[in-house]
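2 protein chains.
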Amino acid sequence: MAPVTQQQSAMDDTYHLLYWPGIPGRGEHIRLVLEEAGAKYTDSAFAGGGIDEVLAFVQAKVPDDGINPQPFAPPILKHKDLVISQTPNILQYLGTRLGLVPNADNDPNSVFKVNALALTALDGLSNEPHDCHHPVATGLYYEDQKEESKRRSEDYVKNRLPKFLSHFERVLGSQWSGSGPWLSGSALSYADLVVFQCVDGVKFMFPKAMARLEREGKHAKVFALHKAVSERPRIKAYLESPRRQKYSLGIYRYYEELDNET
Amino acid sequence: MAPVTQQQSAMDDTYHLLYWPGIPGRGEHIRLVLEEAGAKYTDSAFAGGGIDEVLAFVQAKVPDDGINPQPFAPPILKHKDLVISQTPNILQYLGTRLGLVPNADNDPNSVFKVNALALTALDGLSNEPHDCHHPVATGLYYEDQKEESKRRSEDYVKNRLPKFLSHFERVLGSQWSGSGPWLSGSALSYADLVVFQCVDGVKFMFPKAMARLEREGKHAKVFALHKAVSERPRIKAYLESPRRQKYSLGIYRYYEELDNET
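If you're matching them up, the sequences are chains A and B in order. For the first sequence, UniProt numbering assigns the number 1 to the initial residue and increments by one for each residue that follows. For the second sequence, UniProt numbering assigns the number 1 to the initial residue and increments by one for each residue that follows.
Just so you know, the hints here were simulated from the structure itself, not pulled from any lab data. Warning: the hint list may mix true and false statements.
[As the list claims (entries may be wrong)] Derived lysine-lysine pairs resembling PhoX-like cross-links, with alpha carbons at most 20 Å apart:
id	chain 1	residue 1	chain 2	residue 2
1	B	K146	A	K150
2	A	K150	A	K208
3	A	K146	B	K146
4	B	K40	B	K236
5	B	K218	B	K158
6	B	K61	A	K163
7	B	K208	B	K150
8	B	K163	A	K61
9	A	K221	A	K163
10	A	K150	B	K150
From just these sequences and the hints, can you work out the full model?
Encoded structure:
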């Protein structure tokens, strides 16, 4: 469902995503959950003045509302009276509400199993790729840490990336996962959407290495999950829409000199 | 309560923490929650053969149990039939069960507010300090990335550390936090224990910078929280016990050459 364009009253059921414009970034994980669920939401990345609302939070200028702790950084989700931050936290909140935690009714611990997978994907396939182009300092330009970025990227592609892909391949081959394309049994979970976005981003960032890994076939289930998510009707429509932003200078960046094959 | 020494049957209510021996590390956040709650638990760090159980998970040798996805890395928590990983995930599981999410009965969203704070502390005051001595690669020795570590540590102490401390100072001064020493209103939450451990570790790692920051008084509420947690009767007894391990070559390390004051 398209983001609603009018800001709704605080008490209706619309979700409000606050995130930087111009990059998919960490906000993208949240967009995918909202889109897959067909939820009604607004997105500051496409709203006039949206960036001011994000900046007000980041610069600690948002007045104390008395009912929420202040967020440290975007993404931020507003829903009715609630204001929460931290990507895995928002994903869990939305995932439990929007039916993206399979088997939750039978097993109240399902959410902790899905959450562990989402956290692991974010650690190894989002935060670590980000640090590949910012190994010395987040606040410095890439150009000021190019040599260190090269070393870090080589290590990432050689050691870390296959380790994380192997982990998800193993989970996808487990009895808990079952025979379908999804991590958690027969139904899609929000962890599948996270792994999709992570694999998609790493493919953009390290196309040579990911093409080699795909050819080698050791992580076939992970690449099949990526494809299966991209074919979900609502996700497919979203990916083809202008709401799906291009990768640029966010988490996943393409620098030819970092794109090593080994 | 002291860890129980005998492995209990899988169906009793004992919690089983699996973590590396010899360092407090990420496992320490979980120990503090279990100790504050007076929960019955075992700790592989103190068990004969405990390291083999951790290694079996890390080396993907643990048989598929059919009901849990495999963990990527320790800390791992076993409780009855459940096996979960990821520090913030385990903390949330234990925190909700052990009464360390204040106001949870009145506001089911309380856990998401506490979780955001725990995740932010782990990001900025645990993962980022770790990367100070491993900026290029987790798999390389510190000695092979000393120059980069120096640059990263300078940036961390100058820019990142005060930014995260200021965030928690602001939350502690909010109406949501109230007048006591705790983040979330009148009662201790597991996020307080996380912030305690993070501040404690960063004090060990960057004693000069932390002494200066404490003197300057801009983050007085954060330092007061650290002190208040250390004075909780069960935490105090724990910190004085042999179960509290010394910092060594884990997340928080002391290298004189990284201990800059500015």
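Handout entry: Enumerated hints in conflict with the structure, sorted upward
Key = Per hint list: zero violations.
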